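S.K.: Using the sequences and the hints given, assemble the complete structure.
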Amino acid sequence: MSRAALLVLADGRFPAGGHAHSGGAEAAVKAGRISGAASLEDFCRGRLHTTGLVSAALAAAAALGVDPVALDAAADARTPSPALRGAARRLGRQLMRAARAAWPSEELDALAREFPKGAHQPVVLGVAARGAGLGPEDAAYCSAYESVSGPATATVRLLSLDPFDATAVLARLAPELDRVAQRAAEAARRVVADGVDALPAGGAPLLEISAEAHAAWAVRLFAS
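If you're matching positions, the sequence shown starts at 1 in the numbering used here and goes up one per residue.
Calculated from the structure, these hints are not laboratory results. You may find that some hints are simply not true.
Unchecked claim - The calculated label-pair distances, taken between Cβ atoms and stated as ranges, are:
| no. | residue 1 | residue 2 | range |
| --- | --- | --- | --- |
| 1 | Arg97 | Gly36 | 32 to 38 angstroms |
| 2 | Arg220 | Lys117 | 20 to 26 angstroms |
| 3 | Ser160 | Arg85 | 29 to 35 angstroms |
| 4 | Val192 | Leu221 | 38 to 44 angstroms |
| 5 | Arg113 | Leu206 | 33 to 39 angstroms |
Model, not experiment: these values are computed from the prediction. From the three backbone atoms N, C-alpha and C, an ideal C-beta is built for every residue, glycine too.
M.R.: As structure tokens, then:
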């Protein structure tokens, strides 16, 4: 196993398409729910412990070799918003292209054939991590970090927030990110024995509602 592969996969410059998505931050900024570093931290914390945990567990399970088709169906069931399901599949398709170039594997090829329009991004992430020789904890960490780094980066653009302040938010969330990644990896191991119903299903209804409203905007800076 090459742990350095995790640095490549989690690097914001990895061409997986995440730069075009705000993780709900654009809608939150417009609604006044994010107005500075403190409210960004609150937003990211809520996202980390709900959709972030779910995504991290999906990625960890995929890294363990759980059937990605079953995991994709579980991701669908845990994503009520059609807009968010569409965004997750678009991100999954872009990540698939980058991952197949970086770590070619038959499992990635099979997943691409099964979902030509894209599987859910966390599922692709987990299969990519597996192809890179990484384990479930690595996949969980990468997914959990993405759940907060995306909104933090987007808010710098949306509010002209000081990048040092945005980075400090991520640093303060690090201990909670550790706990979420550990919980996700533990849940993924239960999935191996008990099936996908063992995955967490923490919801964030306001994110879902905001995503539907955001998708209808005539002008927007981010795709989601």
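S.K.: Now tell me, hint by hint, if it's right for this structure.
M.R.: Here's how the hints hold up against the structure:
no.: 1; hint: Arg97 with Gly36: 32 to 38 angstroms; result: holds, 36 angstroms
no.: 2; hint: Arg220 with Lys117: 20 to 26 angstroms; result: holds, 22 angstroms
no.: 3; hint: Ser160 with Arg85: 29 to 35 angstroms; result: holds, 31 angstroms
no.: 4; hint: Val192 with Leu221: 38 to 44 angstroms; result: holds, 40 angstroms
no.: 5; hint: Arg113 with Leu206: 33 to 39 angstroms; result: holds, 36 angstroms
Figure legend: structure checked against the earlier numbered hints; every hint is met.
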